[in-house]
Amino acid sequence: MTNEDLLYRYFSNSLNEDELIVFNKRLESDAKFKADFEFENNLKQAIKKENSNKLKEKLKAFEADISTTETFKKKSKFNWRIAASIVFFLGASWFGYNSFFGVNYNSLYDANFSNYPNTEFPITRSDTIDSFERKAFVAYEAGDFDNAISNFKIIPIEEQKPYQAFYKAQAYLEIGNLKEAKNIFNNIINKNSTFVAESHWYLALIAIKEKNKIEATKQLRMLTENFNYNKSKAEALLKELH
Amino acid sequence: MINQQEHIILEDLKQGSDKALRKVYEENRDKFINFARRYNLPQDDVVDIYQDAYVIFYNNIMSGKIETLTSSISTYLFSVGKYLIFDKMKKNNKKVGSNFDLSIVRDDDKLLETFEIEEQALTHEQELLRKHFSSLGKQCQELLNLFYYRGFTIKDILEQGNYNNENVIKSAKSRCMKTLKERINSN
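Residue numbers (the numbering used here), protein chains in the order written: chain A, 1 to 242; chain B, 1 to 187.
Hint data in this document are derived by calculation from the structure and do not stem from the laboratory. Heads up, a few of these hints could be off.
What the hints assert, rightly or not - Facing chain A, from chain B, some residues (calculated, C-beta under 7 Å):
#1 Ser74
#2 Ser79
#3 Lys88
#4 Asn92
The beta-carbon is built from N, C-alpha and C at its ideal position, and this holds for glycine as well.
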C-alpha cells in the first residue's frame, strides 16, 4: 500500500488492524511518511479549530439573541401599565377573565412543568452490566415511566444512590401519581438529600396542579429564599398566583 | 431507546442544519444554567462552559465519534459540561464536593470514553495552517473539511453528489493540498 493510501485510510478511519500495524511501522522507519503524516494531522487539528471557532461565534450570536429577548421581556413588563392604559379595553377584558375564573392553575402547571433530564446516569451501549439502575434510567429516558419505577424499586440496597429517589419521583409525576411523587420529594427535603431545591420546585408545581395556592406559595417561597434554582421562574409564578 | 425525535435532530445536525443547532442550544441552555448553579460559578462562565461543551459535542458528531445516540442529547451536553466545570474548578483550585466528584468519575468512565474532549491550543505550525486554510477557495475548504474534519471516505464524498467520479475528487484534493503547501512555503 502506498504512503498516500495509508494516510488516506488513516484519516477516513478505515484502517483495519493489519493496516494499522503497517501504518505504525512505517511511521517509525520512513521519515518522509512521518513528515507527511504530521502535516496532515496538523491540518486536521487546524481545520477542527477553525470549525470550533466558527461554531463558537454562532453560539455567541444565539446567546446575544436570547439576552435581547430577555431584556425585551423585562422592558415589556416595565411598560405594561402604559400599554394597558392605551389599550384599555384589552386590560379590562383581561381583568374580567381573571375575576371570573381566577388563576388558571392547569395552564400554569403546563407552562412550567418539564421533567428533569437524566444528568446523573450516563447510558452507553458498551455497558456490560445491565443493572436495575441502568434499566431504570433507560426506561426513564425513553419515556417509559412505569417501567422506570418498577426498576427503581428493585435496585439492591448496596447500589442505591441518593439521586435515584428524585428520578423515581419524576417518573411518578409523569404517570400522574402525585401522592407518591409528593411523598418522595418531601422525604428528599427532610433528609436534606440531593436535589432539595429541585424538589421544592416540583412540590410547588404539584400544589398548583392540585389548586392549592397556600402550599404552592409556601414551596415557592422556600425555593426563592434559600436557593438559586429556577429563581426567576419561581418569582414569576408567585406573582401569577397573587 | 432514545426517542425518535432526538435521532432526527442528530441527523439534522449531521447535515449541518442551523435550525437544529439553535433548537438544541436553546432547549438545553436554561436547564444547564440551572444545573450549574450548584457549583457557584458566575453566570457568564457557565454560559461559556455550556458553549464549549456544545462545541465538543458537535465536533464529536461531525467527526463520526457519535454515530448514534446511546443517551439523550441533554445527557451528553451535561456530561461534557460537568467535565469542563470540574476541570475549571480544578484549575481555580476550588474544593470539589464529594457528591460532585462521584458523578464526574462516572461520566469520565462511561459516556465520555469514546469522546475527544480536549480542545488543545494550536501549535505555531497548526495556527499557520489554519490561517492559510481559511484563505483557500470555498470549494477547497469544503473538500478538505470533508476529508479531515468529517473523516469522510472518497465514496462518502461522491455520494454527496458534488463530484462526478472518484478521480475528480482525488485530483481536486491534490490541487487543494498543493495550493495550501505553496502558500505556507511562501509565508
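Against the structure, the hints:
no.	hint	in the structure
1	Ser74	holds (4 Å)
2	Ser79	holds (5 Å)
3	Lys88	violated (16 Å)
4	Asn92	violated (19 Å)
Violation of the numbered hints given earlier is confined to hints 3 and 4; the remaining hints are satisfied by the structure.
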